[in-house]
Amino acid sequence: MEFQIPNFSPAAPELAVAAIGLLMLLLVSFARRCASQIAWYLTHLALFVGAVLTILVSRDFAALVGKLFVQLPFGEFLRNFGQIALAYLGSSEMNFTFGQMYLADPLGDLLKVMVCAAVSVGLLYGRRYLQDRKLESSEYYLLILFATLGIMVLISAGSLLTIYIGLELLSLSSYALVAINRDSVRATEAAMKYFVLGALASGLLLYGMSMVYGATQSLGLVDIARSLVDPQAANRTVLLFGLVFVVAGVSFKLGVVPFHMWIPDVYEGSPTAVTLFIASASKLAAFAMVCRLLALGMWDLVDHWKLMLLIVAIASIILGNLTAIVQTNLKRMLAYSGISHMGFLLLGFASTTQHGSTNAYASALFYALTYVLSTLAAFGIILLMSRAGLEAENIDDFKGLNKRSSWWAGLMAVVMLSMAGLPIFVGFFAKFFVLQAVWSAGYSALAVLAVLMSLVGAFYYLRIVKVMFFDEPADMAPIEACRGVRVLLSANVLAVAVLGIFPSLLMQVCVVVVQSSL
Amino acid sequence: MTSLPYLSLSIWIPILGGLFTLCAHSDRNAPIARFMGLFFSLAGFLITLPLYSQFDASSSTMQFVERTSWIRYFNAHYSLGVDGISMPFVILNSFVTVIVVLACWEVIQEKVAQYIAAFLIMSGLMNGIFAAQDGLLFYVFFEASLIPLYLAIGIWGGPNRVYAAIKFFLYTLAGSLLMLLAFIYLFQQSQGSFDLADWHVLKLDMRAQTWIFWAFLASFAVKVPMWPVHTWLPDAHVEAPTGGSVVLAAIALKLGAYGLLRFSLPIVPNASQAMAPIMIALSLIAVIYIGFVAIVQTDMKKLVAYSSISHMGFVTLGFFIFNPWGMEGALVQMVSHGFVSAAMFLCIGVLYDRMHSRQIADYGGVVNVMPKFAAFFMLFSMANAGLPATSGFIGEFWVILGAIKFNFWVGFAAATTLILGAAYTLWMYKRVIFGAVANARVAALTDINSREGVFLAVLAVCVLAMGLYPFPITEVMHASVADLLKHVATGKL
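Residue numbers (the numbering used here), protein chains in the order written: chain A, 1 to 518; chain B, 1001 to 1493.
Hints listed in this document are in silico derivations from the structure and should not be mistaken for laboratory results.
Honestly, I wouldn't trust all of these hints.
As a list, the in silico DSS-like pairs of lysine-lysine whose alpha-carbon atoms are at most 30 Å apart [what the hints assert, rightly or not]:
| no. | chain 1 | residue 1 | chain 2 | residue 2 |
| --- | --- | --- | --- | --- |
| 1 | A | Lys399 | B | Lys1167 |
| 2 | B | Lys1167 | A | Lys403 |
| 3 | A | Lys134 | A | Lys399 |
Pairwise CB distance ranges, derived in the manner of DEER restraints [stated by the list, open to error]:
| no. | chain 1 | residue 1 | chain 2 | residue 2 | range |
| --- | --- | --- | --- | --- | --- |
| 4 | B | His1356 | A | Asp475 | 42 to 50 Å |
| 5 | B | Gly1435 | A | Ser490 | 54 to 62 Å |
| 6 | A | Asp475 | B | Glu1110 | 16 to 24 Å |
| 7 | B | Gly1158 | A | Ser490 | 44 to 52 Å |
| 8 | A | Cys482 | B | Lys1372 | 56 to 64 Å |
Cβ atoms here follow ideal geometry from the backbone N, Cα and C, with glycine treated the same way.
Using the sequences plus the hints, can you model the full thing?
Shown next, in the form of structure tokens:
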């Protein structure tokens, strides 16, 4: 058999990140004294290069710049944002390389750029926190970088094997990250739980994948999809058996009921900077996994996985919201609310009615992106409030924030109200988009239930606002942060508000991306 | 001729002005914040005046229309417009905001800029509610307006403010979420349109209409508030700062009634007619039962709050008897109540600022030390009781007229308000104002200063002018009300 040199260019972002990561490993082992400095800069470089290459390699970047800034006046630009995004993201077909192992499409590009940006921003938010606790080390940045690489591989995965490789790279790095503060009992306990449950979930997923492979004789997602078209071709019993395990593995990664047990402990136990990573970028990885495995690979089993996802989603929305009410620890509250958010995301995803159902997938994608945006801001503010000796993780630590700093209290209020799904903030449109998809798929009862639960959700988010604005402060220590973090965090929250006024900007992109990818 | 986008300006001047005022957030800059607040609220008010002067009263179509694409995927538009029903409320709202800013001048000493910003932003959002001609846009304004009021009650309110603020928020949110589902349903039934004009002509069968009616009612009944979902209002009123009470009574309560008129009646006319007996019964309960409840109150603010519920019962009664007297009477009653209840709460605020008590029992003989105040308070109390020659009379009289045309006994029951209203208002007035000076603290009271005199006088002029010559307000409503009634009578089946 003749050996063909594969086309490396679609995989350039991952290759670049991996190369810089390996280089970093080498450098930091020689440079003892300024190792964490080097790692800090190289990590950002890697993420930047990864994002830029994603944009550059996949499509014609010059055309984008031309379109954005030369040809169109601003108003026109706002109105036709989706079309421009399509023109830039280019062809609708998927680019496969390395056989079917690897694929690049607009959905993947969008998620990868978002992941790189989110990780980079998260690192900036968390740096002072780590320095205060003497946790900043080159290992931390290395682990973050390799976890990000895992996410990118996962997003671009075209076969079951690649998915598994990406997932494991992400998971193993995450276990270590949770335990980065090895002297903390809470953190090591969390890491242990995360590891044991995560290993179990990986096992389940792998087991499911082996069933699917056994039934279809293929690992590539497109091949699997092809062989499922004919109902006689593959053994349905084995397939469904495998599907259950695959859904379980995916649910674990998303952190939805009944595979949510690890979420609260890990969120609470990890250093907040690590929680930020697990709560934001990893969710995009899980979302990509759901898209690839279910919407692309196993579309013909839609009736089965849809039902599973709907049950999981509703259970998560109910349990997440009800349990979040009684939390006194803010990180734990965000953990439970995150469970319910993931439930909402799955609810949107499972409202699919036909192959490539734009309404459902775009609503889930929009939900995922806006969730990451507001989670970044929420944990960013927790990181900002914390200092040496204070974790600022209890709701009471936010007491009277308005008296200490109106600006940060206002921004936190925006984030909380957005997560509660109140207009004028983007969280409202995310929920609205999902509800609308759910309703048009015919699940009106589920829509009513979801709405009632978001009322419950409003209660505990409002409590944070209440604590910040109505209570008296317990300590008056000024809130310190370097200018860069202040500006970035403010911009992040303003994005939540601005996207709430002009949701079309992101919505059109999601719609177009979904139309050309799924 | 290109005219200014008055509606957009009336929305965005207060909102942006409010955000701008936040820049003076330190309490050292409180005087600057106050003047900025006054400037932006006056600008916001003045920009709404052309809405009246350039309004074409002979037409029932939307005027001052602005429309541009907002959310392409949902085909939602930034679509504004006013007709004879909504236009007076935009002006009333902007006017009340000026009063609120004036009323807080010396009273609020803490977080002044935030207080003023909250009310300016709320004013802009409320104008948005009255002007929105797109369902999604309406909903966004409708829900967003909760946030500033929630903060206003919670930060500057009374001792039990946290409970009141959260109760207010969750009550209203619960209702509006169900309305959102009704909007989604209508969006899908109308082949992807959020345009109110499309919804008005959308054919719906009776079953769908009934569901939508209840979903809308869940939202609007809480806002009105109708018996039995009124319990948040006394709490919110009692705990809110004076400005909050004024905005709640003068504007926020109108949102529910306006919603019934703009959404329930035209979108689900048949269901509205079918449910009219229930609505009339609920309205009469509000008028009579809540009237009795008001009599026994010992807290002045609570008393006025209950009287507001009773008056709003009159408004919903006027809507659901489906004749021009009832509907126009109800609209006049809404505007009049905007002036009168605002004035009542301001008067109580004047007393509260001096004595820090709202208990009727703490007062007595105030007329001896505050004669000017007693005169103003007298006028507003009479208006609240519906005395002829005040604005309170016109609306009540018309609604009773319409109700008698509809059914004698309904009209008879409604007319008891004239007795009940007089009983609770004037009895309170007697106990607070007349008699011998009750205690040393009352004896130490000082009469109103010029600032308080200004806003009370302005409101007094409005109340009297409207009572003596209501034509300028009713004139602009005729065409729109007639059109709406015709639409409801035609039905959709």
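| request: Check each numbered hint against the structure and report the violated ones by number, ascending. | output: 4 and 7
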